[in-house]
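There are 2 protein chains.
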Amino acid sequence: MPDIDTVIRDARVMTCDPARAGLGMIDHGAIAIANGAIAWVGEAADAPPARRTIELGGRLLTPGLVDCHTHAIFAGDRANEFAMRAAGAGYLEIAAAGGGIAATLMPTRAASDDELIELLEGRLDLVLGHGTTTIEIKSGYDLTVEGELRLLRCVARSAQTRGGPRIVPTLLAHLVPPERTGDRDAFVRELCDQLVPAVAREGLATSVDVYCDEGAFTLAETRAILGAAKQRGLAVRGHVGQFRDLGAADLLAELGALSGDHLEQVTDAGIAAMARAGIVAVMLPGACIQLRLPVPPIDKLRAAGVAMAVASDLNPGSSYCEALPIQLWLAATHYGMTVDEAWLGVTRHAAKALGLAGVGTLTVGAPADLVAWRCEDPATVPYRYGASTSLIDEVYFAGEPAPPR
Amino acid sequence: MPDIDTVIRDARVMTCDPARAGLGMIDHGAIAIANGAIAWVGEAADAPPARRTIELGGRLLTPGLVDCHTHAIFAGDRANEFAMRAAGAGYLEIAAAGGGIAATLMPTRAASDDELIELLEGRLDLVLGHGTTTIEIKSGYDLTVEGELRLLRCVARSAQTRGGPRIVPTLLAHLVPPERTGDRDAFVRELCDQLVPAVAREGLATSVDVYCDEGAFTLAETRAILGAAKQRGLAVRGHVGQFRDLGAADLLAELGALSGDHLEQVTDAGIAAMARAGIVAVMLPGACIQLRLPVPPIDKLRAAGVAMAVASDLNPGSSYCEALPIQLWLAATHYGMTVDEAWLGVTRHAAKALGLAGVGTLTVGAPADLVAWRCEDPATVPYRYGASTSLIDEVYFAGEPAPPR
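Top to bottom, those sequences are chains B and U.
Residue numbers for the first sequence follow numbering that gives the first Met the number 0, beginning at 0 and rising by one.
Residue numbers for the second sequence follow numbering that gives the first Met the number 0, beginning at 0 and rising by one.
Extracted from the complex, chain B is given alone in its bound form:
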């Protein structure tokens, strides 16, 4: 065992260890940290000596939360569109008033790198304050080859200079931009032949995601873009059936994707295909509530054995939410997931959707990204859904306290 820097003991440790049942709780547990990683996990009585020992008085210690689906890099504000939707305006009416994704494209394209990074980091401060230590961030609000590369480079710059959260960048083929709708085949070819290869070459993302839905990309286009991604060694993911089921679940299964996300609309065959392929179903209850969509078929996903993740969908259109614990509450209430399913959804299963081993668990070798809570019961975090920041005693990133900014 390496020299131990820190031992955290007298904790209810939620290991999320796949070798243990449920949440892998150790009621009188401890963990040991060396070089920013977890070096030992076990009963408090057996904990090794350390330079620093922290006693939690029986309170809950969990993995840092993992938010596996966000669109956190953008400029502009769509509060006005939120008000229009609340007043009953539909998608088309909002689009006609200059709303929708196009309303984020223009300010994002117009913003400087520094402006984009400052906006992103304001959100990341809140994200970390709510206990999220790993966050996926998708591009997708420029929709030109150079512009999407710029967004991913801004994300990379932020990832290199900040002390948390851990950032997992994803290239998102979000939709065909307004100026290319007359020319969409050529646009898709650019994505396949220029953007995806450039992202792979520069190492700007580990996966490619396609929004396969009405008004976004067709199934054939999705196949072409994700095929190009696989050819370049990138992992693939997909937005599936948020509004209409185009058959993306089956395609993702065929391609061995990491995740299929949204899933308000998906066939039984699509669920079975996801289960066979071991694809994570990413649940986004905040966006579902905000757009007043039907609840995805949780019971069928559970029965089929599909692992479920829960994410914020942090984005300016349908879910401007940095607080993953609110999604935990929505998952365990509106979506009918169990508390254990919801917690695994923001820890181990979320990390699986990102292709990350170890992250989202408290197991030997995993990064020491932790949340020390002021409560004892994992259910308290969703149960007290208005109090999440005040329930957090300390967030640790790579073994060190991450002070609120």
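No lab work stands behind these hints, which were simulated from the structure alone.
Just so it is clear, CB atoms sit at the ideal spot from N, CA and C, and this is done for glycine as well.
Hints are supplied without guarantee of correctness; some may be wrong.
Restraint-style ranges between C-beta atoms, simulated for each label pair [as the list claims (entries may be wrong)]:
id	chain 1	residue 1	chain 2	residue 2	range
1	U	124	B	19	36 to 46 Å
2	B	86	U	267	16 to 26 Å
3	U	400	B	96	37 to 47 Å
With chain B held as given, fit chain U onto it using these hints.
Coordinates of chain U only, in the frame set by chain B:
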């Protein structure tokens, strides 16, 4: 005009003044404060001189939020019950495991006054931090005559010693306690003949609320209890049709009640009666989501001209939430209320449900309970539903900043 202590200017002032349309916005507005009350409201250019001037740089200034329906005084924790419900357990199964309201009765009865007040004040700190400056607090977790009086005396003690939020105590006839179910007529008579008169005599509450629903009080019992309240000069309110419509809306209209709350189940005739009687419909979307109930008939309430309030229902069973802005988001999304309706629901209409004149508005004579926000658009508060505390720049209570504790 009295001597002005403070002018807050260069603000987007949301007056909620009933003499103005919608939210009564003044885009380049100001307010003047004297002796803890609002002494003047108007255009920034016309603001009077003052000892202290605060410039808001064009940002939003609103009334302090009013949470008109809470059960905030209790002891004990029901996180375990939350987990059972998430795992699919029904009401009866939870009750058989010792859950439900009975699970709060025992620890509340066992807690000392000081313990109850400490627990309450921990919640009130969070409530104030989320922008709520007036909160209604119902008794209802003891269910003996002496015990209910004790709860209301604890609330009164807290109200006298704290610097906010403003507290409006309500006597709630919550349900027949387990030990009196064989004896319920006598229990109802005790409420009518002993508890209600004692509350009126001691001035411990301004209104009486009855939970009229399956498993709680029948319509005839509700009529008896609310009749006793009216006889003693107390205002009346009712929990209406959360699970089943027993006809309480019509009864409340007949009695000239302040509000009918929940309303997941209510007939068209009940809505019409509420409209005729000018009764506020109190919407409780957090509890609705958590119990997976149908959405109340918002469109019908709107069409009938019923004023709608929005509240947290802060309670240990179905909505442990101190954050009213999350309810604002749920109202404007899941409930399909407009942003203006949702905002009036946590300001002027909520105050109306409490029988308070002026509160919930920025008008001359109202208490200077305010929130200065870090945004400009009222829609931003529900839109950024994970960020409410960080959107608040300052909460003012009776004209003075209320520092976070």
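The hints, checked one at a time:
| no. | hint | result |
| --- | --- | --- |
| 1 | U/124 / B/19: 36 to 46 Å | holds, 37 Å |
| 2 | B/86 / U/267: 16 to 26 Å | holds, 24 Å |
| 3 | U/400 / B/96: 37 to 47 Å | holds, 39 Å |
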